[in-house]
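Here's the letter readout for the chains.
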Amino acid sequence: MTPLLSVRALTKRYGPHIGCADVSFDLWPGEVMGIVGESGSGKSTLLNCMAGHLVCDSGQVIFDTRADGPTDTLTMSEPARRMLSRTDWAFVHQHARDGLHMGVSAGGNVGERLMAVGARNYGDIRDTAIDWLGRVEISETRIDDRPTTFSGGMQQRLQIARNLVTGPRLVFMDEPTGGLDVSVQARLLDLLRGLVRDMGLSAIIVTHDLAVVRLLADRLMVMKDGHVVEAGLTDQVLDDPQHAYTQLLVSSVLQV
Amino acid sequence: MQEYNFAYLDEQTKRMIRRAILKGLAIPGYQVPFASREMPMPYGWGTGGVQVSAAVLTPDDTMKVIDQGADDTTNAVSIRKFFERTAGVATTTVTGEATVIQTRHRIPEESLKEGQILVYQVPIPEPMRFLEPRETETRKMHALEEYGLMHVKLYEDISRHGHIATAYAYPVKVEGRYVMDPSPIPKFDNPKLEMAAIQLFGAGREQRIYALPPHTRAVSLDFEDHPFEASKADHPCGLCGAEDSYLDEVIVDDEGGRLFVCSDTDYCTHRQEAAR
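From first to last, the protein sequence lines are chains A and B. The opening position of the first sequence corresponds to residue 1 in the numbering used here, with each subsequent residue numbered one higher. The opening position of the second sequence corresponds to residue 257 in the numbering used here, with each subsequent residue numbered one higher.
Okay, chain A solo, but in the shape it has when bound:
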């Protein structure tokens, strides 16, 4: 079995400062990987480097493409990479506003990726949009409303629907539950967990919320100052942290 994504010695510097350094790991099909760490530890830099939003300094990000097998996405041509990022990849932003067209209706937002890969039948696009709105628990009657009229949780769910509509195999998520209140977070996590299991998605989730990774992630990487300090199965890392920083992180969680 080939890993879906292999990251090798990925390094990104901001001048003299380290964004992330020498990160390597494999992500297997159907696996959910969590990346945790405090603010400024390089989690988002790593995610953006992998997704091709940032240019990294060295390393490889090898994705198992449908057509050509494992290919380094950092050296592939820009059209091919952008094609990948709207078919097999998805990126869920922390702020739904970054990932949505706020001036375009919910249906249009969901349909955009379909139209971008060549769908030209209005009826089909609309049916798919309705189906996906249903899956993320947004009422069909809201299909022609703009996301500006949606609540934060609905916007985030809409962003997820818009990303998953082309049936991607790998989803990058940057703090998907950030900025939502706990009950909305719980529903969103429930939804995400269901979608990930049903579609057999692989996902990389960046978060500082340990509860999120406990629920969603199979494996965990803990980052500090741009380096991975500990990695392993989620329960193992959270229940028996080895590195001093991980111990601090786990013990800092407020118990209710």
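Mixed in with the good hints there might be a few duds.
Unchecked claim - Distance windows between CB atoms, simulated:
| id | chain 1 | residue 1 | chain 2 | residue 2 | range |
| --- | --- | --- | --- | --- | --- |
| 1 | A | G167 | B | P469 | 36 to 44 Å |
| 2 | B | E499 | A | D68 | 53 to 61 Å |
| 3 | A | R120 | B | S487 | 57 to 65 Å |
| 4 | B | E391 | A | D127 | 32 to 40 Å |
| 5 | B | A291 | A | R120 | 34 to 42 Å |
Note that these hints are calculated values from the structure, not bench results. Think of the CB as a built atom: it goes at the ideal place given N, C-alpha and C, for glycine as much as any other residue.
Take the given structure of chain A and dock chain B to it, following the hints.
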């Protein structure tokens, strides 16, 4: 009459514009940046079109200027006078006699022939501007042929109005490659974009020139189940009776009376004369 260089612009500037025009003709539908000059008229009044006309005019040319199809509106009259004064070229209102036609928002009804040049005044050359405000991003989208966003606009039209409500500046795909804004011509004129004359588009404020060589394929974007339709007011012309021309709606009194007349004044006048 030597206060100005021929056709107002200096020769170096015209040379620069001609280069942009040639590049535009070589890559149909591609927006070529050019160093737009200040013209003695405000932006939005056709500064791009005027510069393109100035660059292609020769002393033997006969010029026609129309504004929304009419030869006698302010914009048309002042630009025609401008070239009469600065270039001393012959001017006409007869479509068939003109060699260079500068137009604002219409294509003449009479089909143009080989040897004629149609110059459009373009306010916003970028068809995706209102969906993607970043120029860096739209240029990349053109380069990589990522035109999904264009259909999002049409999708929004259908979901809101039940049909494609975009009635002017209707985007076309040129030769299967670049998506182009045909300037704010009514979509009724879109099928006429495939013609025997050379079509040049000049956007002065936005500093872009693009072009369609003769007989270039320009396909209006649409959906399989909502095909493109060239629409017009469902009336005959109130003056000449034409049923195949694009019509303006004119309010004639304060009791709701209205009259539909050809927007192409030259076409209408000729038909009226022929009927007499």
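Looking back at the hints listed earlier, which ones does the structure fail to meet? 3
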